[in-house]
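Novice: With the hints as your guide, set chain B onto chain A.
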Amino acid sequence: DTAVSQTPKYLVTQMGNDKSIKCEQNLGHDTMYWYKQDSKKFLKIMFSYNNKELIINETVPNRFSPKSPDKAHLNLHINSLELGDSAVYFCASSQERGSSSYEQYFGPGTRLTVT
Amino acid sequence: GESVGLHLPTLSVQEGDNSIINCAYSNSASDYFIWYKQESGKGPQFIIDIRSNMDKRQGQRVTVLLNKTVKHLSLQIAATQPGDSAVYFCAENIGGGADGLTFGKGTHLIIQP
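Protein chains in written order, with our numbering: chain A, 15 to 129; chain B, 36 to 148.
Bear in mind the hints are in silico, worked out from the structure with no lab data behind them. Please note that a few of the clues may not be correct.
[Unchecked claim] In silico lysine-lysine, BS3-like type, Cα no more than 30 Å apart, as pairs:
1) K33/A to K50/A
2) K81/A to K54/A
3) K58/A to K140/B
4) K91/B to K106/B
5) K50/A to K23/A
6) K66/A to K85/A
7) K54/A to K103/B
8) K36/A to K81/A
9) K50/A to K77/B
10) K77/B to K55/A
11) K55/A to K36/A
12) K77/B to K36/A
13) K77/B to K66/A
14) K91/B to K55/A
15) K33/A to K91/B
Chain A with its partners taken away, still in its complex shape (with noise of 0.2 Å):
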């Protein structure tokens, strides 16, 4: 069983259009996150839903919009795609707070190429 999915695995797209990335978790979790791994492999936060609520938003450009339609999804839409968006986007759930890990589960991740 797939703990934290994602759709597409692989997306490749034109300067200037809009596309989403799906995450479903079936963990139960509470928090859902997406993380940004740029071509050094440098992974950064970019968004975490708790409860449907947004709890911390990494100087993330606005052309970026987590929709979180229940507690189990947290898609990613990006509007207005720019050559800089190239990269990994991984999500990935957790434990709300007070639980005695922080351990987060990451899904297999969308590589976005922009043309």
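Specialist: Just chain B now, with coordinates in the frame of chain A:
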């Protein structure tokens, strides 16, 4: 700037030897640390974690050491195997839980036969 970093970007070890991957952090308020392994084309996988009230924690073939005095974290892998080849990340959490993890830059562990 980032508060978590690694001393070496690449570490090459002989199969069967022990591996030690180091990490430095700068925020003394960090109270939770975690090591992840990322294989090519996959998402990060949890290895082991440790809270700031501990100095050492052991798992299966792995040990994490935390030295709060010098803000240093290390991951020791015993009897390194070919399957251990991956990029290893340390990460920290400040405040706990939903605040997200701050990752270091990663160390690429290469296993030589």
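Novice: Give a verdict on every hint.
Specialist: Evaluation of the provided hints:
no. : hint            : verdict
1   : K33/A to K50/A  : holds (15 Å)
2   : K81/A to K54/A  : holds (27 Å)
3   : K58/A to K140/B : holds (10 Å)
4   : K91/B to K106/B : holds (14 Å)
5   : K50/A to K23/A  : holds (14 Å)
6   : K66/A to K85/A  : holds (7 Å)
7   : K54/A to K103/B : holds (28 Å)
8   : K36/A to K81/A  : holds (9 Å)
9   : K50/A to K77/B  : holds (14 Å)
10  : K77/B to K55/A  : holds (12 Å)
11  : K55/A to K36/A  : holds (22 Å)
12  : K77/B to K36/A  : holds (17 Å)
13  : K77/B to K66/A  : holds (27 Å)
14  : K91/B to K55/A  : holds (27 Å)
15  : K33/A to K91/B  : violated (44 Å)
Against the hints set out earlier in the document, a violation occurs for number 15 only.
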